[in-house]
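> On the provided structure of chain A, position chain P as indicated by the hints.
Chain residues, written in single-letter form:
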Amino acid sequence: MKTATICDWKGMQRFFKQLLTGCLLLPMAVYAGSSAPTIKLFPTTVLEEIKHTGNVAAEMETGLQTVISQLDEQQKLYLDSKCEGNEGDPGCERIAKQLGKSYLEMLDIMADKLPEMEIAVNATSSSLEKRIRKELGQKKTSWTLQELLIGAESSQSAAASQPSLRGRSGMRLSDRFSQYYELVARSSGKTSSSLAVIASDIYLDMQETASLIARTREEISRATLMEQLNQSFGTITPEMQEVVAGVKAILFGEEADATPMAVAPVGTADSGYESALQM
Amino acid sequence: MKSSMKNKLTGLVTAAVITTSLTACSSNPTQVTACSLPEGPNLERAISAARFDLETGCEHEFDGYFQRLLTIAEGDPKKENKASFSDFLLWANDAGLLSKRQARETYNRYFGIKYVTLISDYSICSQTCPQQSDVMRDMNRELADKEQGLLKISADRLNYTRASNLYRETELVLEATCEACGPNE
Chain A
1 MKTATICDWK
11 GMQRFFKQLL
21 TGCLLLPMAV
31 YAGSSAPTIK
41 LFPTTVLEEI
51 KHTGNVAAEM
61 ETGLQTVISQ
71 LDEQQKLYLD
81 SKCEGNEGDP
91 GCERIAKQLG
101 KSYLEMLDIM
111 ADKLPEMEIA
121 VNATSSSLEK
131 RIRKELGQKK
141 TSWTLQELLI
151 GAESSQSAAA
161 SQPSLRGRSG
171 MRLSDRFSQY
181 YELVARSSGK
191 TSSSLAVIAS
201 DIYLDMQETA
211 SLIARTREEI
221 SRATLMEQLN
231 QSFGTITPEM
241 QEVVAGVKAI
251 LFGEEADATP
261 MAVAPVGTAD
271 SGYESALQM
Chain P
1 MKSSMKNKLT
11 GLVTAAVITT
21 SLTACSSNPT
31 QVTACSLPEG
41 PNLERAISAA
51 RFDLETGCEH
61 EFDGYFQRLL
71 TIAEGDPKKE
81 NKASFSDFLL
91 WANDAGLLSK
101 RQARETYNRY
111 FGIKYVTLIS
121 DYSICSQTCP
131 QQSDVMRDMN
141 RELADKEQGL
151 LKISADRLNY
161 TRASNLYRET
171 ELVLEATCEA
181 CGPNE
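Taken in sequence, the protein lines are chains A and P.
For the first sequence, the working numbering begins at 1 and goes up steadily by one.
For the second sequence, the working numbering begins at 1 and goes up steadily by one.
The shape of chain A in the complex, shown without the other chains (with noise of 0.2 Å):
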């Protein structure tokens, strides 16, 4: 019974962790270039959005912080009395109680602030995607896009002096928008083409996180159920483990994917020789 409760907390860890720091991906070059951006890929609007949506994930983030050193300290505790196997030991019950009571408390704080987050994301997701399809998609032709790509690698020698933090990030989410924001914001140094890496880095995260954020929210309803339950009749059949057990597999089954990230050229654009036969 107190098994599964821990069991629940971990994998809700899970989630959080993938949430607020690891699973996604971050695209941070910043260019020097000299030459302003000729592809709308960042209105006003979406800047904005991008700005609400770091908001909001500040918010949760500052709720759920509390709420969630109280349950690691009452899981260490819990371990630490050696707890696991021998749950009908009174002091052990109690603990768990309190820990169940701070699960439900975290897993209301999220349930709260999660569609509002939900609505952020899904909004600067949308946007996004029409931009560059309208921008990139409809606009370009691959040679054209590799031509604005590497448009971005002659302006790059002056980037040498610039911060470079792309790739895994073990960041939080709402760091991650502020970052964005503040790339997009300055984006009156940047070239068109380092705004398309920075536009699709930013669009690919979006759809991630609102997958994930789905997930979560799946998660918490079930979760909450168990909890309440938990807490109101002490037991939990086997037919119930065996639907939580069903849901994890679904749930945690997969990890998400590592998207292979791009990395900022190496050097100056010195190519010495140059054919007639150069395209």
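Accuracy of the hints is not assured; some may be wrong.
[Unchecked claim] Straight-line alpha carbon distances no greater than 20 Å define the calculated EDC-like cross-link-like pairs of lysine to aspartate or glutamate that follow: (1) Lys130/A / Asp112/A; (2) Lys79/P / Glu274/A; (3) Lys130/A / Asp63/P; (4) Lys134/A / Glu175/P; (5) Lys139/A / Asp121/P; (6) Lys97/A / Asp80/A; (7) Lys51/A / Asp175/A; (8) Lys101/A / Asp72/A; (9) Lys139/A / Glu171/P; (10) Lys134/A / Asp63/P; (11) Lys40/A / Glu179/P; (12) Lys40/A / Glu182/A; (13) Lys139/A / Glu175/P; (14) Lys152/P / Glu59/P; (15) Lys139/A / Glu179/P; (16) Lys152/P / Glu274/A; (17) Lys100/P / Asp63/P; (18) Lys130/A / Glu179/P; (19) Lys40/A / Glu175/P; (20) Lys78/P / Glu274/A; (21) Lys100/P / Glu274/A; (22) Lys134/A / Glu171/P; (23) Lys79/P / Asp145/P; (24) Lys97/A / Glu73/A; (25) Lys134/A / Glu179/P.
FYI, nobody ran anything at the bench for these hints, they're computed from the structure.
Everything numeric in this text was worked out from a predicted model, so none of it was measured.
Relative to chain A, chain P alone:
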């Protein structure tokens, strides 16, 4: 009289045989011996040998000769090799072995940063996305050719890195763009 006719006939036959032999020699003099791929480590010498063979009946073996030259050049990587291949391909165009477009695409496939795989006339949504995985697979093969041309033959690490980065950026942007285009376009 009979003897004189016989001599004349013999003379004509002999002349015909000699003429036929000479004609055969001049139209395909090296067919049997020349179409052997160049050997040795010297690229310039190999290119000369290849050019001689290719303009004397071995033009159908162009790809084989080109691949052999690439292999020979790998033995002595240097920036100047790019120019040697460029000259060779320009010559092949002048000699009518390759069209200008073929020469340009071949050169850029191995020694350029841009991907000839991405040459296209229509929008990404309509042309590239329906075959996104094929495009990426072809780009990946071209990246391997660029590794040979830029890195192993020309010792041009900088431009190979740029080509490699371009591959990764294109992959990322295409993934996002095709996702945004949706399944119907």
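> Run the distance test for Lys134/A versus Glu179/P: straight-line Cα separation, threshold 20 Å.
Given pair Lys134/A, Glu179/P holds - Cα atoms ~12 Å apart, limit 20 Å.
> Straight-line Cα separation of Lys134/A and Asp63/P no greater than 20 Å?
Judged against 20 Å, a Cα distance of about 41 Å means the pair is violated.
> Check the hint pairing Lys40/A with Glu175/P against an upper bound of 20 Å on the C-alpha distance.
Between Lys40/A and Glu175/P the Cα gap is close to 19 Å, so the pair holds against 20 Å.
> Checking one constraint from the list: CA of Lys79/P to CA of Asp145/P, max 20 Å. Satisfied?
Given that 20 Å is the threshold and the Cα spacing comes to 16 Å, the pair holds.
> Just to be careful, I want the Cα atoms of Lys130/A and Asp112/A compared with a cutoff of 20 Å; is the pair within it?
This hinted pair is violated, its Cα atoms lying about 29 Å apart.
> Hinted pair, alpha-carbon criterion (20 Å max): Lys100/P, Glu274/A. Please report holds or violated.
holds, 17 Å
> Hinted pair, alpha-carbon criterion (20 Å max): Lys139/A, Glu175/P. Please report holds or violated.
holds, 16 Å
> Holds or violated: Lys139/A and Glu171/P, Cα atoms, limit 20 Å.
holds, 18 Å
> Take the C-alpha atoms of Lys152/P and Glu59/P, compute the straight-line distance between them, and say whether it is at most 20 Å.
Roughly 26 Å between the alpha carbons, so the hint for Lys152/P and Glu59/P is violated.
> For the pair we were handed, Lys79/P and Glu274/A, check the Cα-Cα distance against 20 Å.
It holds: about 11 Å lies between the C-alpha atoms, which stays within 20 Å.
> For a C-alpha distance cap of 20 Å, please report whether Lys152/P and Glu274/A respect it.
Answer holds: Lys152/P to Glu274/A is near 18 Å, not above 20 Å.
> Measure nothing beyond the straight line between the CA atoms of Lys130/A and Asp63/P; if it is 20 Å or shorter, mark the hint as holding.
violated, 45 Å
In summary, the structure is inconsistent with hints 1, 3, 10 and 14 from the numbered list given earlier, while agreeing with the others.
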